[in-house]
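All chains, full assembly: derive it from the sequences and hints.
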Amino acid sequence: MNPKTLAYLSRSDLTESEETSLLRELSSAYHMDEASARSREVRNLVERVKSRIEEVTNTHVPSSEDPSPRDE
Amino acid sequence: MPAPFPTTSLNLLSKLKRADDGGSWEVSWKRFVELYHEPLEVVARACYRHHTGGQHPSWSFMEDSIADAMADFFAKGQHRYDSSRGRLRTYLRVLVNARIVDRLRKERPIDEGALSPATADALPEESQAERESFHRALLATLIEDLRNQIPMRQFEIFERVKLKHQSPPFVAEELGITRAMVDRYVYKAMSKLRTLAEQPEYQEEFND
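For the record, the sequence lines run as chains A and B.
For the first sequence, counting from 1, position 22 maps to 22 in our numbering; every step adds exactly one.
For the second sequence, counting from 1, position 132 maps to 132 in our numbering; every step adds exactly one.
In case anyone wonders, no lab produced these hints; they're calculated from the structure.
These numbers were taken from a predicted model, which means no experiment stands behind them.
Just so it is clear, CB atoms sit at the ideal spot from N, CA and C, and this is done for glycine as well.
One thing to keep in mind: the hints can contain errors.
Partial list, derived from the structure: chain B residues whose beta carbon lies under 10 Å from chain A [claimed, not checked]:
| # | residue |
| --- | --- |
| 1 | W29 |
| 2 | E34 |
| 3 | A71 |
| 4 | A75 |
| 5 | L92 |
| 6 | L142 |
| 7 | K162 |
| 8 | A197 |
| 9 | E198 |
| 10 | Q203 |
Set out below in structure tokens:
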């Protein structure tokens, strides 16, 4: 992951290799997010967070099975 | 009365950083966990190793510590976060470290004595893996913001061409539009992405 990604994003005169690098990183982030949304481990973590928030606030939290913007 | 945890995530990072007006509550905690679990895991592992002389945590220990930190952040921590005093990622590191130390204290055998306050407060150096993981999460957040701020059709075409690497002629044929229209949609989406990336909330978090 190149820390210059955002600098690349703010420029419109990218070289071919900078453009390739930028798109590779965006694509990597996108696929990481896709994998997270399908991951059983992440779903379990979401359930634990939900249960902890309910413990801390004594408030019912909408189910993690509710659709998120990614699911719509 | 609005629900306490609605799933709206329009301009997610900005809302996380604008806790003064309660806007942060509008951010979906579930989406945040999906987007940021990876860097938080990297931080949690590093903190555990740092406080235990190089041991590796069990997954269950990690999961519990991260869940504690996330719940703390969403239930009350956001209101203690002051964006003028540092990056969100720095605040999250401190929060995860604190929850790791809490759990270590609970599970530490009595004959090993208590962790000293100095040890507990000391954070490990930020690693390259951590920086990279956080950058990836921020880029995913940026894409999420883009998805919420441009027409669905425009995002779909951008997604297919730039993120899924489908060729513009193929996308044009599949959608029954001209190649020029595909190019125009992609150009507009990229322009919006650049505008979003220029926001201080992103620049502060990205720049090392």
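Status of the hints after comparison with the structure:
1. W29: holds (7 Å)
2. E34: holds (5 Å)
3. A71: With a closest approach of 3 Å, the B/A71 hint holds.
4. A75: This interface hint holds because 4 Å falls under the 10 Å limit.
5. L92: Hint violated; B/L92 Cβ to chain A Cβ min 14 Å, cut 10 Å.
6. L142: holds (8 Å)
7. K162: holds (6 Å)
8. A197: holds (4 Å)
9. E198: Because about 5 Å separates B/E198 from the closest Cβ in chain A, which is inside the 10 Å limit, the hint holds.
10. Q203: holds (6 Å)
The structure fails to meet hint 5 from the earlier list, while all remaining hints are met.
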